[in-house]
Structure formats: structure tokens, C-alpha cells
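J.: Taking the hints into account, I'd like the entire structure generated from these sequences.
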Amino acid sequence: MINTFIYSLNKNIFKLLSIYLKKEYKENIDTLSLPVETNEFRKLINLFNPQKITYENIVFYTKSSEKFKEMVSSDFNILIFNSKQQMEEEAKSIKERDIEIINNYLNSKAIQKNPDLKPKIEQITTYINKFPSLKISESIQINSQYEEIITLLSLISIKKNLIIVDEEKVEENETIVLYYPLSLLVEINELEENDAKTFLSSLNLSTDLEEEVEKIVKKIVDRILLHWTIFYTGNKKEVKEYLVPINTDVLKASSKIHTDIAKKFIQAEVCNITEMVDNKLPPFKTFGKTYIVQNHDYLSIKTS
0 MINTFIYSLN KNIFKLLSIY LKKEYKENID TLSLPVETNE FRKLINLFNP QKITYENIVF
60 YTKSSEKFKE MVSSDFNILI FNSKQQMEEE AKSIKERDIE IINNYLNSKA IQKNPDLKPK
120 IEQITTYINK FPSLKISESI QINSQYEEII TLLSLISIKK NLIIVDEEKV EENETIVLYY
180 PLSLLVEINE LEENDAKTFL SSLNLSTDLE EEVEKIVKKI VDRILLHWTI FYTGNKKEVK
240 EYLVPINTDV LKASSKIHTD IAKKFIQAEV CNITEMVDNK LPPFKTFGKT YIVQNHDYLS
300 IKTS
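Position 43 of the sequence shown, counting from 1, maps to 42 under numbering that gives the first Met the number 0, and the rest follow consecutively.
Among the hints, a few may not be true.
As the list claims (entries may be wrong) - Subject to a maximum C-alpha distance of 27 Å in a straight line, what follows is the list of computed DSSO-like cross-link-like pairs (lysine-lysine): (1) K51 / K22; (2) K129 / K119; (3) K112 / K94; (4) K196 / K10; (5) K42 / K196; (6) K68 / K117; (7) K10 / K91.
These aren't lab readings, by the way, just hints derived from the structure by calculation. Note that the structure is predicted; figures quoted are calculated from it, not measured.
T.: Structure below.
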């Protein structure tokens, strides 16, 4: 499960998720759960036709108070702003907060006990100064390489974040910023069908509102999942989906399945579902405990 905190002055993201999930939106809603569904997992389900299917979930939530505290403790943050100006103002505040924390730490006695952290923290500072225009690849690298320091210092600007600017234009780029008219899609949902199609067409968007909502939700989900690896286990009784951080070795991944499996680990039999042909699993390969689990791996762990 990925706990995703929504930092926003409105609840448009929850309204969109409700449309996507085909659920009635309620004003007091502040938590929604979205199962992670992939084509590869569907292949595994079709193969085994199991009695039980267990999905991983992305839980979206928000709170009106202690937002920084929630952003620090969450697995992933979505920061939604109404304009570029608001984004720049809020981003400056978050960035200054993080820089102050770092400077205080570098001037404290704690750094004397961990001198090896100093060059790493100095490197992290260069990334903080880029916020909110970090490239996606940089964000993934930082969180994979410096996660312990980010957690230790409760940093926000270089956490696993996605920034959405709620504007009337669609703009793609290589940063963690996504421009999309969330509020407009919510307004269009209240219109009559013909008026909705006309409005969507004027924005150069699909005239099918559900299709457009699905597009933005999938973009958000895809950005979130860039920071995690999905793997599977299963048989005719049950197939299960798991999420672990990028660069997780198979020993740690096996503890996600069950702690006893990790303790008694001998080896892993691995194939990748993306290589399935004619509804058959591809050949398995044998790996030791240092193997790094790849996206859409299917694992069969041998234990003592």
C-alpha cells in the first residue's frame, strides 16, 4: 500500500477519483483507495483463474491541519496548486524550510558523529535548490540513493512528490510538474452531455469525459509507481500483487510475502510476466538473495 498525501486547498482530485471509480462523491470525503491494476497482473489472473485475488492499493488522503507533518510521514505527496505563481510561492516556502533544517543539522553535534553524511547532504542541497523543477529521473535517483537522509531530516522538497498545477492548458515536460485542468474537468462533469462535449472539444481534449478523467488518473498513478517495483506471487488458490521500493533485493521482497520466508530463504525462481506468450509463463531463472527484483517479476521462493 502506498499512502499518498494530497496537499491542496480543494478536493478536486477526490472528485476526479470518484468519477474514475464510478462512486458518488461526498463532500466530507478525505480518503480514497485505488487498486493498482496492471496488464501483467491481469495476465497472471487469467493464467491461474484463482479463487482469490489480492491487489495492492494507492490510498489518497488529505488533512486540513499539520500538512507538513503529513507530507513528511507519507509515502508519496501530490501537491496541487491553482497557478504557477501559487506553486512558486509555496515551493519557495517548502524549499526554505528544508534548507534551514539542513543548515541546523550541519551546524549541530549530530554531524560530528556521522561525518560521512556531510558530502551526501551537500549533494542533496543542490537538488533542493532545483525544486520544484526536478526531473523525474532525478527524483527517482535521489529517493533511491538518499532515502535514509531524507527520512532522518524530514525533508519534503526532494521526497517522492508530484506537483500538479491546475491550469486550463495541458503541458508535458520532463519535470515532476504536471499541468492539467482538474477543476475544469470537475465542472464539466456537472454539465449536460452535449455541453460537456463542446467544452472538452474547445480545450482540445477528448469529448468523452470519462476517457479524459481516466487519462489523468492513469498519469498520476504512473508517476507514483515510477518509485516502486511491482512483483507477483500466485497459484490457483490465490494471486497476489506487491509493491516494494525500487532496487529492493529479493530477500527483502520475500519478507513482504511473509517474514518466515525471508528467514528461511534459499533461492528465488523468477520469471517476468512481460515475457509471457500464449498464456504460458516464460522459463524461470534461479537467483540468490542479492537479486534486485524487477517490475512485473513473478517470484517463487524456495525455503529451508
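J.: List, from low to high, the hint numbers that the structure doesn't satisfy.
T.: 5
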